[in-house]
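Chains as they are written, first to last, in my numbering: chain A, 1 to 336; chain B, 1 to 336; chain C, 1 to 336; chain D, 1 to 336.
No false leads were mixed into what you were given.
Each pair of labels, with its calculated beta carbon distance range:
#, chain 1, residue 1, chain 2, residue 2, range
1, B, 57, C, 30, 22 to 32 Å
2, C, 16, B, 70, 31 to 41 Å
3, C, 108, A, 316, 57 to 67 Å
Rather than coming from a laboratory, the hints here were simulated on the basis of the structure. Ideal placement from N, C-alpha and C gives every residue a C-beta, glycine not left out.
Listed below are the residues making up each chain.
Protein chains: 4
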Amino acid sequence: MIIIVKDKATEKQVNELMEWLSGFNVRTNLVTGVHSRIIGLIGDTTSIDVDSVKAREAVEAVKRVQEPYKNANRRFHPDDTVIEVGGKRIGGGSLAVIAGPCSVETEDRLMQTAIAVKEAGADFLRGGAFKPRTSPYAFQGLGREGIELLIQARKETGLPIVTEIMDLSDLDLFADVDIVQVGARNMQNFTLLKALGRCDKPVLLKRGLSATLQELLMSAEYIMSEGNSKVILCERGIRTYEPETRNTLDISAVPLLRQKTHLPIVIDPSHATGLSSLVEPMSLAAVTAGADALEIEVHIDPKSAWSDGAQSLTPEQFRASMKKIRALESFVRNEL
Amino acid sequence: MIIIVKDKATEKQVNELMEWLSGFNVRTNLVTGVHSRIIGLIGDTTSIDVDSVKAREAVEAVKRVQEPYKNANRRFHPDDTVIEVGGKRIGGGSLAVIAGPCSVETEDRLMQTAIAVKEAGADFLRGGAFKPRTSPYAFQGLGREGIELLIQARKETGLPIVTEIMDLSDLDLFADVDIVQVGARNMQNFTLLKALGRCDKPVLLKRGLSATLQELLMSAEYIMSEGNSKVILCERGIRTYEPETRNTLDISAVPLLRQKTHLPIVIDPSHATGLSSLVEPMSLAAVTAGADALEIEVHIDPKSAWSDGAQSLTPEQFRASMKKIRALESFVRNEL
Amino acid sequence: MIIIVKDKATEKQVNELMEWLSGFNVRTNLVTGVHSRIIGLIGDTTSIDVDSVKAREAVEAVKRVQEPYKNANRRFHPDDTVIEVGGKRIGGGSLAVIAGPCSVETEDRLMQTAIAVKEAGADFLRGGAFKPRTSPYAFQGLGREGIELLIQARKETGLPIVTEIMDLSDLDLFADVDIVQVGARNMQNFTLLKALGRCDKPVLLKRGLSATLQELLMSAEYIMSEGNSKVILCERGIRTYEPETRNTLDISAVPLLRQKTHLPIVIDPSHATGLSSLVEPMSLAAVTAGADALEIEVHIDPKSAWSDGAQSLTPEQFRASMKKIRALESFVRNEL
Amino acid sequence: MIIIVKDKATEKQVNELMEWLSGFNVRTNLVTGVHSRIIGLIGDTTSIDVDSVKAREAVEAVKRVQEPYKNANRRFHPDDTVIEVGGKRIGGGSLAVIAGPCSVETEDRLMQTAIAVKEAGADFLRGGAFKPRTSPYAFQGLGREGIELLIQARKETGLPIVTEIMDLSDLDLFADVDIVQVGARNMQNFTLLKALGRCDKPVLLKRGLSATLQELLMSAEYIMSEGNSKVILCERGIRTYEPETRNTLDISAVPLLRQKTHLPIVIDPSHATGLSSLVEPMSLAAVTAGADALEIEVHIDPKSAWSDGAQSLTPEQFRASMKKIRALESFVRNEL
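Only chain A is shown next, with the shape it has when bound in the complex (with noise of 0.2 Å):
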């Protein structure tokens, strides 16, 4: 970390900001120049809050160098993550797909859903039984009956299930749900990170509509220091002010995270784009730059469905996409 002090401060100024950062267990090196003083931390500064350093007097300004993550940190953990769950891997140079419906409706669409993305080539099956709606008019999900749903849907295909958590008080219902999505709007919801740090279960967290890569991987970090390092992350579109698409894929955020974290990531081209036909060609994209996963929102019957139907594909639609994702996996794996 690095301090620039201000021009004016004094040196009793000085004095006592050297004396307050001597007690983070840092040692302190000031330098001063004509016109500047700047004073450099040595040693681990992540318990030191930014914010707290500029509200002293004598600070102009605060740079951190190394970044405010460790768990999550890949030059700590060098070797990539991989999640293995219910015979399937996500990280370490595979592509998982995560297919099915955004909402469980009704058994019959369900398990239809199901067959139809397993026989397609998915590995994994999502669902949505909590449903956070920006209307509460809008239709919020099964419950726990949608829970039950998926669970009846991988005894019958084998497919492991994806299911998102909206609140603490519901975490009882996802002990035999395979991996458990914290959604965009919870990024931050850190009580809820903690206690999911404390189950041995491995948690896909979405990035936040206007997340830093850097708060997502603190948010990450949440989870890891309670103990579980089983942390996928996903980006799957931020705000911007482009209306034609519900919000803006940011696909370089693969390479980015591959490169400062260990953690697998997944691309979720529905919830970016918002058009079922822009789900082949950022996945397309996406698997390219290096995704982990893919996580695709794929509908029985799209025009009836409850919720998001215009980003969903059917189940033709995802068997072409997957036909052609799986070949591009391969060459990507083999020849690039």
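Got chain A sorted already, so can you dock chains B, C and D onto it with the hints?
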């Protein structure tokens, strides 16, 4: 709601669409032009999901005419809502000032700050017991003890207290709190909102970092649709590309929300700007724009604050600002 | 175009509105419901300004049904535009690679880079002679001499050249340039666009830092409406709140623009990310998403570049990336 | 400027870096810690390009300590700049009001509006002769004739005139204009800025739609570094994701720019909000926040305006707002 039909939609598809729509208890009206067909829906469309409509094959685009919120809508509730709590009012023409430290730290510091803000003319005491922090290694708040200290400070000063809830499981601890705050990161924690909707307690709801005003109002609607109409809206800066301020304070939210809703509107210049030197000018601007309340961070010794010191005023600064704020309030009310 | 009439509009106001609209050579169609009145406009509404309609007293809201661009619109020009210049093609299924230094610096450096990119398989040579720099104290480009050096490099390598125009007054200097580039900062320099519309020269038009895709297409329309239909669109990253990358590359722009327009689409991963380590993965992702061309910065010695060194590839890096790009191009064309 | 050296950088690389830096006429200071090495640069770093530094192999990150602008910097010019033109002042404590139509349309309309805004207390007349319009099919302004009409209106009312230049080639037409406006889309049209820097005429420089405040100041620096120090900065709303307003007015820009620069600051609430109903409250908020001037659109008959009618005030509305604005101005100056 207006639906624009695709150029290429067949008559059969359009008929199916019309039939499906008629199931929502609204009347439909098809206008056929030379190059385009439009369907107008007449009646209460609140429960119709725009995305579901978009997913129908025949649909090119959809535009909502009426706002999807009812309880928060000024159209149906023309009179300003006034929240009365602990002998103080928010809304309805007066200006309430909520002040206090970012976090409750120690009994001594809180009491000193509480007394100082009371003397300077604040109406409410704020202080965080549960702190949403980006880093798991940063101070997370005193929790239950923090709330107890706030209650003690209320006893000493008479100021009603405002503090933030981070998770539903802590709700019991807030039984004796005057106003429960929902932070920006929880604005779309719908399970929490619904639970607060079943309390008889004012809720101060902060706008999410990248939430639209309509989404803020929909979150208010979540609380109100469960029966609690005591909702206070808070603009606290939105995330933009500008790096000089922590967020960008959207003061135009005040007159705009005033048109759309009857709920009171608070401005938080401290979190919005992140810079103590901007708190006074932005407070004054907010008062002029018609805010019902201000929420200002004050710390007995900002440079030693455990969180957000850079944006906190000292008691002296707060006192000086309050003089101007009260003088301006009186001028705005009587002369403009 | 659809106009939603205000609840409180009088019959007289509505009649005035209808009469005014009829002056635009379109047919109007008033639908009267119980709670709302809607006017549908039928005919060519391109010349009707949405803002002017909104300003009428009786108008609540306006929604355009048809896109306000004609020449750039795929609806009216279903076949892909292919730009042929100097024996090379952009658009229509092949992949063109434009490569070279950010700025033209010295004859020696430019020639070495030009030869290197030619050998690695580039189709066009890029290089800035006029450089838009945030600071007046930064290197501003060699100007006329820079263009002369590019022409010389073309003579030596046979590569057609692409270089940026910053002001109309320099237009004569571009007489012998193959493709004139309009930078992001000039995307809405309408006087310049119109002048380029009167040239018979391909224009590579970069998306503004915060321009919507529709605004990009409207800027293309400025050029095309003056007679020049040789417009190439370029996505080069948009400004968001994310600090890790210079901008956020919006790859979904490729398939989305493909639907809306027949014009070729270029991706510039160098300016979009600002990081040389992201150039290869984002280039590959762009190829998979269907881009017609890539624009990549290559410098003979990035660490000594006078501008944008941090995002430039070395010739060796470029050569290695080109092998992957060409292999992927062939796979995408033949196998996907 | 502070340079953080990469962990893995060799001693040879660091030495090369130090040597290269010493060529910029600054002193370097290397601090070696256990885990990190930092180089501090002491002296005038304005001419050092951050990107060039980042491109050096040994460099991990760079942080500028001093602002890269000199002429616009309050640090070197502590006193407020006051612009005097046509007997009116902008800056230095008074409040100037610039009012008039978006576009100059007809002689009759302009004269009526000019007389009306004069009577209501405006100090300057604004009006667009060259109009930057998103669509080539929209009204583009009267050009030369528009400027002639403005000059005529000045003769009749005595109000100095403000009008926008869109291209350098039109510069001669502005010889008799009092203040030349540079629009948001041209904020980084550097060729135009430099040319205006060689004129002896006040320039009203609007912030780009997604420009940072530092970029705005760097654009001012372009003008000033050529010799013209009469620059007026204008905040007119920035582009965000919020759809209710055209842009988001960043009022915090006023006190923040006040700290950083001595140049006068104008707020344009009309373009910022796009809604006439928000012009008055945002004007009042801007005055309270310390703006030196307001730029307000007024049209004799907004509903028939050829551009931007939805945001224009009628003369009656403007008169009523001006009463409040002047009353508030006096209160703010004397009582706050």
